[in-house]
Amino acid sequence: MFYYVDGTVAHIEPYLAVIDCGGVGYACRTTNTTLAQLKKGQRGRLYTYLNVGEDVFDLYGFATQGELGSFKQLLGVSGVGPKAALAILSSVTPEGLAMAVITGDEKTLTAAPGVGKKIAQRIILELKDKLAKEQQAGGFVPTAAASPTGGGKAVEAAQALAVLGYTQGDISAALKGLDVDALPLEELVRQALRRMAK
957 MFYYVDGTVA HIEPYLAVID CGGVGYACRT TNTTLAQLKK GQRGRLYTYL NVGEDVFDLY
1017 GFATQGELGS FKQLLGVSGV GPKAALAILS SVTPEGLAMA VITGDEKTLT AAPGVGKKIA
1077 QRIILELKDK LAKEQQAGGF VPTAAASPTG GGKAVEAAQA LAVLGYTQGD ISAALKGLDV
1137 DALPLEELVR QALRRMAK
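Taking this note's numbering, I'd label the letters of the sequence shown as residues 957 to 1154.
Simulated from the structure, these hints should not be mistaken for laboratory data. Be aware that a few hints might be false.
Said to hold, decoys possible - 16 Å max Cα-Cα, derived EDC-like pairs, lysine to aspartate or glutamate: (1) Lys1132 - Glu1112; (2) Lys995 - Asp1014; (3) Lys995 - Glu969; (4) Lys1028 - Asp1011; (5) Lys1028 - Glu1082; (6) Lys995 - Asp976; (7) Lys1028 - Asp1014; (8) Lys996 - Glu969; (9) Lys1109 - Glu1082; (10) Lys1109 - Glu1143; (11) Lys1132 - Glu1143; (12) Lys1074 - Asp1061; (13) Lys1109 - Asp1085; (14) Lys996 - Asp976; (15) Lys1073 - Glu1112; (16) Lys996 - Asp962; (17) Lys1028 - Glu1062; (18) Lys1074 - Glu1062; (19) Lys1039 - Asp1061; (20) Lys1084 - Glu1112; (21) Lys1109 - Glu1142; (22) Lys1084 - Glu1062.
Let's have the full structure, built from the sequences with the hints guiding it.
Spelled out as structure tokens, the structure:
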């Protein structure tokens, strides 16, 4: 329904930003990461997700499409609601989430308030399973061919980007030309995400 809201940042408080769009204030629940990029009185744009339920009508907003994509991926995990997803994305970046899933790093996820070991394990398991199913269905198996320079790091970066929901074509284009050997894995993923955001 709403793709993004763009206007003046009217109010900021923990996990909430209000964006004034032509005299209407849209209250967007959000992460600390997004809040850190907003300044009251200045222009801001948030990519949105509308959560509608029986007694719920909440708008969520994120500074980047990557963060929004990660939020949606987390909501797809059984037992993870919007509150837990916001907590996770407030303590880890989208690329950090992807790396935690690929490497099975529960500690990164349990650092978020209210996220226990069982939920962290479920997130890792379900997102890895989803990645494997999508790879089989789409015939996409990240290989060294995902990057012209190839290598194991390119495969891991491609897997991390796939966890975030990007397609094979997007991943290949984003990794093309990056210095895979010189960059640490997380920086490689970060630069690829920047390229896809343009």
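- Query: Which numbered conditions among the earlier hints are violated in the structure presented, ordered from lowest to highest?
  - Reply: 2, 4, 9, 13, 15, 17 and 19
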